[in-house]
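Kindly generate the complete structure, drawing on both the sequences and the hints.
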Amino acid sequence: MRKESRDLKARYERYFLREYKYRYWLLAVNNHFFDRYYFFIEKQRTGSKLVHSRELLAIKRDPALYREVLRDLRTFTQLRLIERDTHQLVHPTKDITHDIYHGHS
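Note that my numbering gives residue 40 to position 24 of the sequence shown, counting from 1, and the numbers run on in steps of one.
These are calculated hints, taken from the structure and not from any lab test. If you're wondering where the values come from, they're calculated on a predicted model, not measured in any experiment. Incorrect hints may have been included.
As the list claims (entries may be wrong) - Derived CB-CB ranges, DEER-like: (1) T109 / D23: 29 to 35 angstroms; (2) E29 / R52: 21 to 27 angstroms; (3) T113 / F32: 35 to 41 angstroms; (4) H103 / Y36: 35 to 41 angstroms; (5) R87 / D51: 20 to 26 angstroms; (6) Q60 / T113: 25 to 31 angstroms; (7) R39 / L81: 28 to 34 angstroms; (8) L81 / H114: 42 to 48 angstroms; (9) D78 / R34: 28 to 34 angstroms; (10) D101 / E29: 25 to 31 angstroms; (11) D78 / E58: 20 to 26 angstroms.
Virtual Cβ for every residue (Gly too), placed ideally from N, Cα, C.
Structure representation (structure tokens):
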């Protein structure tokens with residue numbers, strides 16, 4: 017197992033708390049802006065819209081290294097993995113067009 021995979025596993029075990037009434041999943045982001053791959057663990061309490069996210073690992077953008085780390089990740093977890101790419105950014109909410117409290121008009 018590579019050093020990157022060992023670091024990922026150590027941080028995964030630190031942040032995967034298995035809390036009651038929480039849903040966990042993994043997120044892998046191919047970030048073209050910083051030329052890196054990022055791995056996150058995200059959790060959400062049942063009935064809440066708030067998502068907590070922790071960065072597990074950032075590696076240089078090398079597809080072979082990414083596949084190897086991903087393969088190692090699959091050996092110690094069965095959490096769902098969502099893969100994202102910064103070319104297709106996710107826009108989670110509507111744009112604020114009118115907000116009388118913060119001066120948007």
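Cross-check of the supplied hints:
At roughly 33 angstroms, the beta carbons of T109 and D23 sit within the given window of 29 to 35 angstroms. A hinted range of 21 to 27 angstroms for the beta carbons of E29 and R52 is consistent with their spacing of about 22 angstroms. The hinted range of 35 to 41 angstroms is satisfied by T113 and F32, whose Cβ atoms lie roughly 39 angstroms apart. Between H103 and Y36 the beta carbons are some 37 angstroms apart, a value that agrees with the proposed interval 35 to 41 angstroms.
For the pair R87 and D51, the beta carbons lie near 22 angstroms from each other, so the given range of 20 to 26 angstroms is met. Checked against the hint of 25 to 31 angstroms, the pair Q60 and T113 passes, with Cβ atoms roughly 27 angstroms apart. In this structure the supplied range 28 to 34 angstroms holds for R39 paired with L81, their Cβ-Cβ distance being about 29 angstroms. Take L81 and H114: their Cβ atoms lie about 47 angstroms apart, and the range 42 to 48 angstroms holds.
One distance hint, 28 to 34 angstroms for the beta-carbon pair D78 and R34, holds here, with the actual separation near 32 angstroms. The hinted range of 25 to 31 angstroms is satisfied by D101 and E29, whose Cβ atoms lie roughly 27 angstroms apart. At about 24 angstroms, the beta-carbon gap between D78 and E58 stays in the expected band of 20 to 26 angstroms.
Violated hints are absent here; each numbered hint is respected by the structure.
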